[in-house]
Amino acid sequence: MGKLRIHRSNQWYGGVRDYKIFLDNQKIGEVGKGDTKEFNIPDGEHQLFAKIDWFETEKVSLNLEKDEEREIVLKSSEKSKWTIPIIFILPGLVYLTDLKLELLLLLFIPLVLLLLYTLTYGKRSFIKVE
Numbered sequence: 000m001g002k003l004r005i006h007r008s009n010q011w012y013g014g015v016r017d018y019k020i021f022l023d024n025q026k027i028g029e030v031g032k033g034d035t036k037e038f039n040i041p042d043g044e045h046q047l048f049a050k051i052d053w054f055e056t057e058k059v060s061l062n063l064e065k066d067e068e069r070e071i072v073l074k075s076s077e078k079s080k081w082t083i084p085i086i087f088i089l090p091g092l093v094y095l096t097d098l099k100l101e102l103l104l105l106l107f108i109p110l111v112l113l114l115l116y117t118l119t120y121g122k123r124s125f126i127k128v129e
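Numbering that gives the first Met the number 0 applies: residue 0 is where the sequence shown begins, and numbers increase by one.
Hint data in this document are derived by calculation from the structure and do not stem from the laboratory.
We put the CB at the ideal spot given by N, CA and C, even for glycine.
Do not take every clue at face value.
[As the list claims (entries may be wrong)] Derived DEER-like restraints, expressed as beta-carbon distance ranges: (1) Gly31 x Leu95: 31 to 37 Å; (2) Leu104 x Gly33: 50 to 56 Å; (3) Asp66 x Lys122: 16 to 22 Å; (4) Ser8 x Tyr116: 19 to 25 Å; (5) Glu70 x Lys26: 19 to 25 Å; (6) Asn62 x Phe107: 43 to 49 Å.
[Unchecked claim] Only pairs whose alpha carbons sit at most 25 Å apart, straight line, appear in this in silico SDA-like list of lysine to any residue: (7) Lys122 x Asp34; (8) Lys74 x His6; (9) Lys74 x Thr96; (10) Lys2 x Arg69.
Build out the structure end to end from the sequences listed, making use of the hints.
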């Protein structure tokens with residue numbers, strides 16, 4: 000058996016929830032903010048990914064030899080630093096200010112498109128595996 004050590008960086012996004020760790024589409028555990036966990040992995044080829052809410056990493060191929068040790072770092076991508084605040088703060092700013100309907104639509108339409116991208120195609124780019 001090989002050993003896989005997974006470290007999750009100490010970043011703000013998703014800090015109160017654990018990342019769920021999947022190996023070959025089976026949940027093998029969770030790792031919290033700033034934590035490091037070790038997992039015993041059978042020798043051979045495997046697919047690994049992590050998930051939080053609807054966001055997940057790309058699948059990473061691992062080929063572990065007998066008694067081999069690997070370390071992986073999970074962290075939020077640069078996108079999560081600005082996309083999540085925009086999604087939640089901009090509507091409040093628009094509501095608090097007395098903007099005209101045209102300006103409101105100019106701000107709202109890109110926000111909706113950003114939200115749709117984030118929830119669909121962009122969901123695999125919010126957590127990085129290093």
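Against the structure, the hints:
1. Separation of Gly31 from Leu95 is about 35 Å and conforms to the stated range, judged on CB atoms against 31 to 37 Å.
2. For the hinted restraint 50 to 56 Å between Leu104 and Gly33, the CB-CB distance of approximately 42 Å leaves it violated.
3. For the pair Asp66 and Lys122, the supplied restraint of 16 to 22 Å is violated, since their beta-carbon distance comes to about 35 Å.
4. Range check, Ser8 to Tyr116: about 24 Å between beta-carbon atoms, so the 19 to 25 Å window is met.
5. The hint said 19 to 25 Å for the Cβ distance between Glu70 and Lys26, and at roughly 20 Å that hint holds.
6. Here the CB-CB span from Asn62 to Phe107 is close to 47 Å, well matched to the stated 43 to 49 Å.
7. Restraint check for Lys122 and Asp34: the C-alpha separation of about 23 Å stays at or below 25 Å, so the hint holds.
8. As the CA atoms of Lys74 and His6 are separated by approximately 9 Å, the hinted pair is consistent with the 25 Å bound.
9. Pair hint Lys74 plus Thr96 does not hold up; C-alpha atoms about 35 Å apart against a cutoff of 25 Å.
10. Among the hinted pairs, Lys2 with Arg69 is consistent with the structure: their alpha-carbon atoms are about 6 Å apart, no more than 25 Å.
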